[in-house]
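2 protein chains.
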Amino acid sequence: MPKALILHSGGQDSTTCLAWAMKKFGRENIETISFDYGQRHKTELASARKICKKLDIKNTVLKTDVFKHLGKNALTHDLKMTTPKKALPSTFVPGRNIFFLTLAAAYAYDRGIHDLVTGVCETDYSGYPDCRENTMKSLEKTLSYGMDYQFKIHTPLMFLTKAKTVELIKKLGHLDLLALTHTCYKGKNPPCKKCPSCILRAKGFQQANEEDPLLNPTS
Amino acid sequence: MPKALILHSGGQDSTTCLAWAMKKFGRENIETISFDYGQRHKTELASARKICKKLDIKNTVLKTDVFKHLGKNALTHDLKMTTPKKALPSTFVPGRNIFFLTLAAAYAYDRGIHDLVTGVCETDYSGYPDCRENTMKSLEKTLSYGMDYQFKIHTPLMFLTKAKTVELIKKLGHLDLLALTHTCYKGKNPPCKKCPSCILRAKGFQQANEEDPLLNPTS
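Residue numbers (this note's numbering), protein chains in the order written: chain A, 128 to 346; chain B, 128 to 346.
The hints are all genuine.
Note that the list lumps identical chains together, so a pair holds whenever it fits in one copy or between two copies.
Straight line, CA to CA, 27 angstroms or less: simulated DSSO-like cross-link-like pairs of lysine-lysine: (1) Lys195 with Lys130; (2) Lys279 with Lys268; (3) Lys279 with Lys195; (4) Lys297 with Lys181; (5) Lys279 with Lys264; (6) Lys185 with Lys169; (7) Lys190 with Lys169; (8) Lys169 with Lys195.
Rather than coming from a laboratory, the hints here were simulated on the basis of the structure.
Given the structure is predicted, the values throughout are model-derived calculations rather than measurements.
Turn these sequences into a full structure, and let the hints steer you where they fit.
Here you go:
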């Protein structure tokens with residue numbers, strides 16, 4: 128019986144969480160869930176699949192079209208989103224992580240899993256409020272009340288910079304997995320190196336004084 | 128600009144909430160949202176549409192297929208659901224109301240609406256944990272944190288029996304709307320009078336000493 132469910136986007140952060148969860152729970156005790164929500168770049172899902180295949184860890188893709196119906200936004204449409212919160216980036220979908228974690232919890236509930244792991248973090252990112260510690264703590268309580276079932280939401284990256292995240296996965300012995308991840312907002316591979324995501328990633332590696340295996344694949 | 132969003136299933140409870148919200152916010156200040164989630168009986172959505180049309184209130188139907196992908200359950204499939212919680216009824220979908228309210232909140236956010244109204248209640252019902260006061264209070268906080276936007280979740284029926292709910296809508300002058308609602312689990316109209324939902328509804332009217340306009344339509 129699995130003990131923990133990792134929300135896996137195929138990106139650098141959730142792959143680091145996967146490495147963290149392997150150490151904490153044991154590789155045989157974890158599984159992953161990814162969301163096919165109409166994102167522009169299906170390469171995210173391909174990355175998640177490749178990484179899990181390499182590690183021999185189960186990866187379930189849950190399809191949901193609800194964002195498409197909810198409204199236009201920059202992650203599912205090629206448009207600038209307008210929101211009442213001017214300070215938020217154009218990729219903002221209100222409450223997206225609450226939505227994903229609620230689905231993950233429902234999936235976990237049916238499988239007797241109590242531990243959820245997500246790569247949200249307060250640092251580096253552009254102020255998505257649903258990535259913050261207070262949202263996650265409150266959501267943990269909401270899900271536990273709402274399903275009458277004790278959940279623990281683990282957020283190992285919450286207060287780490289991107290550089291610290293690089294150091295963490297290296298320390299865990301899985302830096303090589305990052306060669307299979309996807310980061311570029313433009314969906315390019317090799318990455319464009321110019322979009323905010325590519326720049327943020329590069330800065331992290333630079334500060335950690337490491338080479339990004341995605342840019343210099345050896346395998 | 129609307130001020131409140133009512134989650135409207137087309138049933139007795141959410142129709143009572145609609146009458147309550149008309150009084151509290153004014154008919155011109157409210158709109159409704161219904162979810163097309165693959166329920167067995169589309170007649171629920173037809174009821175919501177008819178009621179809102181009669182009142183000249185906007186009704187948005189948000190389609191989501193995620194429950195279908197999440198797993199089998201008695202509301203979307205004609206099967207008995209097995210869950211780890213034996214005490215819960217077979218129609219239980221873990222976290223369903225959290226999911227619906229999160230979607231409603233995202234919809235409300237984009238429209239500058241802060242007030243959400245839902246017909247969940249602790250009484251009469253069969254112990255769905257996501258209908259309880261503690262879940263709703265916690266969810267209100269989670270959504271407000273997660274969207275950095277103050278939500279208020281109104282639950283006017285939380286501690287009312289079905290009889291009190293009948294009395295409430297009568298007092299609000301809208302008992303007649305119940306002729307357009309849908310309750311029967313078997314999807315029948317006229318209702319089957321035998322399923323748990325029909326029995327619960329009948330008991331409420333009996334205790335309130337009122338006739339159900341659904342059974343004796345006059346218009």
